[in-house]
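What follows is each chain in one-letter form.
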Amino acid sequence: DQQVKQNSPSLSVQEGRISILNCDYTNSMFDYFLWYKKYPAEGPTFLISISSIKDKNEDGRFTVFLNKSAKHLSLHIVPSQPGDSAVYFCAAAGYGGGGNKLTFGTGTQLKVEL
Amino acid sequence: KAGVTQTPRYLIKTRGQQVTLSCSPISGHRSVSWYQQTPGQGLQFLFEYFSETQRNKGNFPGRFSGRQFSNSRSEMNVSTLELGDSALYLCASSATGENNSPLHFGNGTRLTVT
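Sequence lines, in order, name chains X and R.
First residue of the first sequence? That's 1 in this note's numbering, and the numbers climb one at a time after it.
First residue of the second sequence? That's 115 in this note's numbering, and the numbers climb one at a time after it.
One or more of the hints may lead you astray.
[To be verified] One-sided and incomplete, this derived list gives chain X residues near chain R with beta-carbon spacing under 8 Å:
| # | residue |
| --- | --- |
| 1 | P40 |
| 2 | P44 |
| 3 | F62 |
| 4 | S74 |
| 5 | K101 |
[To be verified] FRET-style restraints, in silico, Cβ to Cβ:
| # | chain 1 | residue 1 | chain 2 | residue 2 | range |
| --- | --- | --- | --- | --- | --- |
| 6 | R | T128 | X | P79 | 47 to 53 Å |
| 7 | X | P79 | R | T210 | 31 to 37 Å |
| 8 | X | P9 | R | R224 | 18 to 24 Å |
| 9 | R | T119 | X | I18 | 35 to 41 Å |
In short, the hints are calculated from the structure, not lab data.
We put the CB at the ideal spot given by N, CA and C, even for glycine.
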């Protein structure tokens with residue numbers, strides 16, 4: 001049972017435009033959400049995170065929005081750059097008194113075209 | 115600061131054999147987690163160690179095991195290899211192992227079982 005879903009396996013965006021990557025989750029115990037970026041032949045790199053007590057977190061060109069009632073989060077990249085082309089993974093963690101155990105989505109391949 | 119180092123980068127094994135993968139976390143990080151990445155499945159949590167103790171375990175058979183040493187270095191062992199164990203195995207470390215302490219991933223070990 002996939003508790004974290006990224007329903008779009010791929011997304012293509014023009015340079016300078018906004019990229020919106022979506023993620024849905026089913027487990028209401030998740031209370032911390034993260035986005036990772038992965039280039040080929042490299043491990044995932046942490047991008048941005050958000051706690052369930054917030055609905056928005058910004059870091060430069062990256063903004064994550066959380067809609068708890070809909071169990072949905074999104075990552076906005078503005079403006080998109082060719083170097084942003086990568087696979088983006090959404091991940092979720094639950095309150096568990098410690099211990100890193102992330103549940104990942106299957107990833108969205110973002111391609112930023114010139 | 116050196117990142118997470120995983121060795122070897124590539125491995126080819128035969129069904130029925132066993133394999134040991136190694137991970138050196140970022141200096142000062144006490145939590146080490148292991149993930150399996152296969153096409154279409156995203157990253158799936160294997161286990162997490164903190165101060166030489168396994169704190170969390172994913173839904174993998176007992177053929178998958180791990181350990182952590184006093185210097186925080188970790189090893190993962192898979193016995194009686196099956197074709198379906200072919201995957202990218204990622205190790206990640208974090209400072210505290212708490213949910214809000216982002217994981218830093220290594221570049222992974224690509225295991226191929228023939």
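Task: Restraint outcome when S74 (chain X) is required to lie within 8 Å of chain R by C-beta distance - done: violated, 18 Å
Open item on the list: Verify the CB-CB distance for P79 (chain X) and T210 (chain R) against the hinted window 31 to 37 Å.
Closed with: At 34 Å between Cβs, range holds.
Task: Interface hint for K101 (chain X), Cβ within 8 Å of any Cβ on chain R - done: The hint holds - K101 (chain X) has a Cβ within 8 Å of chain R, the shortest such distance being about 4 Å.
Task: Hint validity - F62 (chain X) Cβ closer than 8 Å to any chain R Cβ - done: violated, 14 Å
Task: Verdict for T128 (chain R), P79 (chain X) (Cβ pair) under range 47 to 53 Å - done: holds, 49 Å
TODO: Note whether the CB distance of T119 (chain R) and I18 (chain X) lies within 35 to 41 Å or breaks it.
DONE: Roughly 36 Å apart at Cβ, these two residues keep to the hinted range, so it holds.
Task: Interface hint compliance - P44 (chain X) to chain R, C-beta minimum distance less than 8 Å - done: Where the cut-off is 8 Å and the nearest Cβ of chain R is about 5 Å from P44 (chain X), the hint holds.
TODO: Using 8 Å as the Cβ threshold, decide whether P40 (chain X) counts as touching chain R.
DONE: violated, 10 Å
TODO: Starting from the range 18 to 24 Å, see whether the pair P9 (chain X) and R224 (chain R) falls in it by beta-carbon distance.
DONE: 21 Å Cβ-Cβ, so the 18 to 24 Å window holds.
Consistency note: the structure conflicts with the earlier hints numbered 1, 3, 4.
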